[in-house]
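The lines below spell out each chain.
Protein chains: 2
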Amino acid sequence: MFNKRVKIKDLLATEPSGQEVTVMGWVKGFRQNQFIALNDGSTNNNLQVVVELGTQDEAILKRLTTSASVKVTGELVASLGKGQKVEVKAKTLEILGDSDAEAYPIQPKKHSLEFLREKAHLRFRTNTFGSVFRIRHTLAYAIHKFFNDKGFVYLHTPIITASDAEGAGEMFRVTTLPLDNPPRNEDGSVDYREDFFGKSTNLTVSGQLEGELGATAFGEIYTFGPTFRAENSNTARHLAEFWMIEPEMAFCDLEDNMNLAEEFIHYVIKYALEHNREDIEFLAQRLAEEEKSLPQDKRSEMGLMEKLEFVVNNKFERITYTEAIDILLQSPAYKKKKFQYEVKWGVDMQSEHERYLVEKHFKKPVIVTNYPKDIKSFYMRLNDDGKTVAAMDILAPGIGEIVGGSQREERLDKLVERMEQMHVPVEELSWYLDTRRYGTVPHAGFGLGFERLVLFVTGMTNIRDVIAFPRTPKNAEF
Amino acid sequence: MFNKRVKIKDLLATEPSGQEVTVMGWVKGFRQNQFIALNDGSTNNNLQVVVELGTQDEAILKRLTTSASVKVTGELVASLGKGQKVEVKAKTLEILGDSDAEAYPIQPKKHSLEFLREKAHLRFRTNTFGSVFRIRHTLAYAIHKFFNDKGFVYLHTPIITASDAEGAGEMFRVTTLPLDNPPRNEDGSVDYREDFFGKSTNLTVSGQLEGELGATAFGEIYTFGPTFRAENSNTARHLAEFWMIEPEMAFCDLEDNMNLAEEFIHYVIKYALEHNREDIEFLAQRLAEEEKSLPQDKRSEMGLMEKLEFVVNNKFERITYTEAIDILLQSPAYKKKKFQYEVKWGVDMQSEHERYLVEKHFKKPVIVTNYPKDIKSFYMRLNDDGKTVAAMDILAPGIGEIVGGSQREERLDKLVERMEQMHVPVEELSWYLDTRRYGTVPHAGFGLGFERLVLFVTGMTNIRDVIAFPRTPKNAEF
Numbered sequence: 309m310f311n312k313r314v315k316i317k318d319l320l321a322t323e324p325s326g327q328e329v330t331v332m333g334w335v336k337g338f339r340q341n342q343f344i345a346l347n348d349g350s351t352n353n354n355l356q357v358v359v360e361l362g363t364q365d366e367a368i369l370k371r372l373t374t375s376a377s378v379k380v381t382g383e384l385v386a387s388l389g390k391g392q393k394v395e396v397k398a399k400t401l402e403i404l405g406d407s408d409a410e411a412y413p414i415q416p417k418k419h420s421l422e423f424l425r426e427k428a429h430l431r432f433r434t435n436t437f438g439s440v441f442r443i444r445h446t447l448a449y450a451i452h453k454f455f456n457d458k459g460f461v462y463l464h465t466p467i468i469t470a471s472d473a474e475g476a477g478e479m480f481r482v483t484t485l486p487l488d489n490p491p492r493n494e495d496g497s498v499d500y501r502e503d504f505f506g507k508s509t510n511l512t513v514s515g516q517l518e519g520e521l522g523a524t525a526f527g528e529i530y531t532f533g534p535t536f537r538a539e540n541s542n543t544a545r546h547l548a549e550f551w552m553i554e555p556e557m558a559f560c561d562l563e564d565n566m567n568l569a570e571e572f573i574h575y576v577i578k579y580a581l582e583h584n585r586e587d588i589e590f591l592a593q594r595l596a597e598e599e600k601s602l603p604q605d606k607r608s609e610m611g612l613m614e615k616l617e618f619v620v621n622n623k624f625e626r627i628t629y630t631e632a633i634d635i636l637l638q639s640p641a642y643k644k645k646k647f648q649y650e651v652k653w654g655v656d657m658q659s660e661h662e663r664y665l666v667e668k669h670f671k672k673p674v675i676v677t678n679y680p681k682d683i684k685s686f687y688m689r690l691n692d693d694g695k696t697v698a699a700m701d702i703l704a705p706g707i708g709e710i711v712g713g714s715q716r717e718e719r720l721d722k723l724v725e726r727m728e729q730m731h732v733p734v735e736e737l738s739w740y741l742d743t744r745r746y747g748t749v750p751h752a753g754f755g756l757g758f759e760r761l762v763l764f765v766t767g768m769t770n771i772r773d774v775i776a777f778p779r780t781p782k783n784a785e786f
Numbered sequence: 309m310f311n312k313r314v315k316i317k318d319l320l321a322t323e324p325s326g327q328e329v330t331v332m333g334w335v336k337g338f339r340q341n342q343f344i345a346l347n348d349g350s351t352n353n354n355l356q357v358v359v360e361l362g363t364q365d366e367a368i369l370k371r372l373t374t375s376a377s378v379k380v381t382g383e384l385v386a387s388l389g390k391g392q393k394v395e396v397k398a399k400t401l402e403i404l405g406d407s408d409a410e411a412y413p414i415q416p417k418k419h420s421l422e423f424l425r426e427k428a429h430l431r432f433r434t435n436t437f438g439s440v441f442r443i444r445h446t447l448a449y450a451i452h453k454f455f456n457d458k459g460f461v462y463l464h465t466p467i468i469t470a471s472d473a474e475g476a477g478e479m480f481r482v483t484t485l486p487l488d489n490p491p492r493n494e495d496g497s498v499d500y501r502e503d504f505f506g507k508s509t510n511l512t513v514s515g516q517l518e519g520e521l522g523a524t525a526f527g528e529i530y531t532f533g534p535t536f537r538a539e540n541s542n543t544a545r546h547l548a549e550f551w552m553i554e555p556e557m558a559f560c561d562l563e564d565n566m567n568l569a570e571e572f573i574h575y576v577i578k579y580a581l582e583h584n585r586e587d588i589e590f591l592a593q594r595l596a597e598e599e600k601s602l603p604q605d606k607r608s609e610m611g612l613m614e615k616l617e618f619v620v621n622n623k624f625e626r627i628t629y630t631e632a633i634d635i636l637l638q639s640p641a642y643k644k645k646k647f648q649y650e651v652k653w654g655v656d657m658q659s660e661h662e663r664y665l666v667e668k669h670f671k672k673p674v675i676v677t678n679y680p681k682d683i684k685s686f687y688m689r690l691n692d693d694g695k696t697v698a699a700m701d702i703l704a705p706g707i708g709e710i711v712g713g714s715q716r717e718e719r720l721d722k723l724v725e726r727m728e729q730m731h732v733p734v735e736e737l738s739w740y741l742d743t744r745r746y747g748t749v750p751h752a753g754f755g756l757g758f759e760r761l762v763l764f765v766t767g768m769t770n771i772r773d774v775i776a777f778p779r780t781p782k783n784a785e786f
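The listed protein sequences derive, respectively, from chains A and B.
Taking the numbering used here, the leading residue of the first sequence gets 309, the next gets one more, and so forth.
Taking the numbering used here, the leading residue of the second sequence gets 309, the next gets one more, and so forth.
These aren't lab readings, by the way, just hints derived from the structure by calculation.
Quantities reported herein were computed from a predicted structural model and do not represent experimental measurements.
Check before you lean on any hint, since a few could be wrong.
Any copy will do: because identical chains look the same in the list, a pair fits if it lies in one copy or spans two.
Straight-line C-alpha distance at most 20 Å; calculated EDC-like pairs for lysine to aspartate or glutamate [unchecked claim]:
hint, residue 1, residue 2
1, 458, 586
2, 317, 457
3, 782, 478
4, 390, 323
5, 507, 478
6, 507, 488
7, 312, 571
8, 418, 589
Modelling step: build the complete structure from the supplied sequences, incorporating the hints.
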């Protein structure tokens with residue numbers, strides 16, 4: 309019945325020759341009782357539908373309010389108006405669904421992002437969020453295509469897990485026990501043997517350890533799934549539920565890992581620029597408008613398009629952690645005591661330090677390698693200096709850490725030694741150690757926070773605006 | 309360092325001309341102190357590496373045990389042996405990681421699937437699971453490609469949710485409250501205002517309702533993410549954590565929905581047949597072997613390849629629920645009282661009935677439409693008869709229901725009426741109803757259980773063998 313509809317994006321790219329077409333969409337505007345701006349979500353660009361005076365019932369025309377849905381059949385013709393090549397001369401016009409213009413929560417005016425966050429079920433219909441989520445889609449697709457084309461196996465690592473091996477942060481408990489009266493052991497503690505999985509379980513913080521199991525069988529795998537942090541952080545950069553991509557490669561060292569990560573970021577951004585150029589241009593313009601109200605020194609040095617083109621066309625800078633600390637210690641910012649947090653070898657760099665390196669010093673993405681072992685995870689490969697591990701973080705302008713990765717410790721004895729030092733339960737992770745017992749191989753991998761990538765490519769500044777239904781402290785609406 | 313490695317899959321398709329190549333992988337076998345069967349997970353086919361007598365240290369050769377990892381450089385030459393076109397004449401041979409052949413849990417013999425399930429961290433290294441998970445990857449990729457090529461937007465619907473709108477089954481609670489001593493209200497009940505999200509939250513059972521929000525903005529969306537059921541079902545067909553694909557289309561009725569679902573299934577199976585033919589052939593042979601030990605009447609009528617080709621090349625049968633019940637009532641099975649469960653208009657068909665229709669009567673996939681409203685969900689569109697809803701289930705041979713979908717009730721008054729009848733909280737779902745208030749459109753969608761699709765294409769019979777780390781009652785290993 310409906311399958312003859314043509315999407316507006318396709319229609320706008322069609323050569324007009326008076327052919328009859330059927331379009332459906334939502335009314336974005338209606339002026340002079342004659343021109344409907346129609347949108348179906350395939351693009352931000354509206355289709356102009358022309359209603360010739362006197363050809364349609366006045367009662368119908370009155371119902372062409374913002375967000376009313378309509379079905380139009382008519383002729384596709386060249387447009388005489390500005391701003392569009394084609395338009396549709398309406399032959400039949402049918403209201404599919406009315407919309408009370410007074411009550412409709414999203415009025416035809418500029419709303420704040422904060423307001424729209426509360427209307428997350430309708431904000432998709434705005435130009436800004438239309439563009440953001442089409443770009444998000446394209447980035448997700450580009451990620452799958454990148455890895456598929458290279459022969460990586462997409463591995464679904466578990467969401468519910470019994471281990472907190474990564475120690476990556478506070479976790480959400482998953483349970484079917486009655487909270488008001490859980491079964492108890494004799495000593496009064498909760499008896500998790502009665503829980504669904506027969507033990508205490510949580511939502512995963514990372515699929516990496518399971519990813520390593522896959523890599524040491526298939527050679528190269530990647531994950532792309534949701535991960536969770538129960539951190540009580542109410543910031544523009546934190547979500548309790550977010551999506552991560554974690555490739556893991558056997559026969560791979562730190563340098564291969566950096567090369568892959570850089571190629572990957574170049575690829576997906578380039579893919580978005582090629583396949584979503586209009587949407588990115590729209591957001592670039594939006595960002596430029598937004599920044600006009602900021603003082604000069606708070607504005608971005610580059611526009612969004614310029615920034616993305618720059619990233620795609622330039623190699624990332626590569627420095628060691630030790631070099632990074634030296635640069636910071638030599639910096640005017642340090643000398644003028646502008647850093648709030650301490651700078652010295654051994655500390656975990658803070659956001660202000662990372663931003664200095666990326667935005668002031670190098671003015672491009674930077675890969676920092678070989679961090680002190682004490683500030684990194686147990687599974688990272690110990691370097692020959694005995695002090696640093698083969699880690700790498702990619703820092704991006706305006707975002708900070710966008711990728712975190714490492715070569716993994718493939719030597720069983722060294723790995724167990726680190727686990728013991730860091731109080732990671734060796735026995736519980738015996739399955740993980742089996743990869744080192746039976747044909748261990750040098751291997752490496754990294755994690756990319758998907759929403760951080762979407763922030764970077766869309767130029768949005770709050771992470772809650774690049775995921776459909778954000779989960780944050782005290783907020784799980786929709 | 310490692311990036312010059314060539315994958316064995318690519319090497320086996322290369323024209324040999326004595327060129328020097330580097331390969332890495334795990335030893336599958338070593339015979340006559342001369343021939344290494346090497347595998348790197350890119351294919352089930354091993355590369356033969358020939359060690360010329362006397363060219364390598366005997367101590368090294370002793371370490372070429374099952375699953376030891378090695379790096380080989382040598383010349384790619386035409387093979388004189390049977391079963392392979394090319395082989396590598398080893399020049400250098402380096403052990404990357406030893407494997408104690410006695411201790412290695414997966415011995416070079418046939419293991420039962422049950423045994424391998426307990427070794428899920430190593431089963432990827434077997435031929436059977438290598439094939440299964442490469443096919444799973446290909447199906448996942450084909451799904452993304454299918455929808456992307458059609459202009460659908462991939463929407464990440466939330467995993468943690470505060471609503472049980474679907475009423476689709478028992479749910480897992482997500483909480484950060486201390487189970488041994490949760491905060492309480494004055495009446496003694498648990499005070500969920502203190503929980504992370506400020507209310508009681510669960511793991512999602514479906515992204516459909518949020519998907520509808522997306523479809524009524526972007527036109528067409530799909531989800532592909534994990535969903536959860538806390539059902540205590542220890543069967544070969546149930547998982548507590550599984551992956552679902554849920555496309556949702558605006559301007560779409562039941563017929564369009566069926567057409568899309570059928571085209572979709574044809575597409576992804578065809579894609580797997582084209583891109584993973586070797587792996588499917590391997591599993592087809594495996595299945596044929598397995599079935600040899602079964603009595604004649606328990607064996608499949610078609611081999612796996614034959615079945616898949618048949619499905620791809622034939623239209624699905626389409627019948628109404630009412631017709632399905634009539635067929636069952638007329639069947640010899642019914643007349644001979646072979647059905648365990650009741651057959652009459654109004655009952656939910658049981659697996660035995662579905663299998664009869666698919667496997668005995670039509671001998672092909674069947675789409676059953678227009679089910680009685682009382683056995684279906686509140687959001688399905690009421691048909692003009694007032695008794696049935698515009699639902700559709702696709703039933704597949706050997707699997708049963710593989711797709712469940714419907715046209716959605718787009719009429720606000722009818723939807724609210726159904727919700728009230730079925731005790732679905734209208735106020736709580738006000739956001740969902742907004743799609744019907746502001747420019748409602750005819751729309752439809754369906755859900756496909758990803759693991760059921762993988763079962764169908766791989767010919768495996770237990771759902772725990774087609775997901776990497778199955779979550780089932782009392783089991784959340786790895």
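These are the hints, each one checked on the structure:
no., hint, in the structure
1, 458 / 586, "between (28 Å within a copy, 18 Å between copies)"
2, 317 / 457, "between (28 Å within a copy, 13 Å between copies)"
3, 782 / 478, "within (16 Å within a copy, 24 Å between copies)"
4, 390 / 323, "within (17 Å within a copy, 58 Å between copies)"
5, 507 / 478, "both (18 Å within a copy, 18 Å between copies)"
6, 507 / 488, "both (18 Å within a copy, 15 Å between copies)"
7, 312 / 571, "between (41 Å within a copy, 16 Å between copies)"
8, 418 / 589, "within (19 Å within a copy, 58 Å between copies)"
Violated hints are absent here; each numbered hint is respected by the structure.
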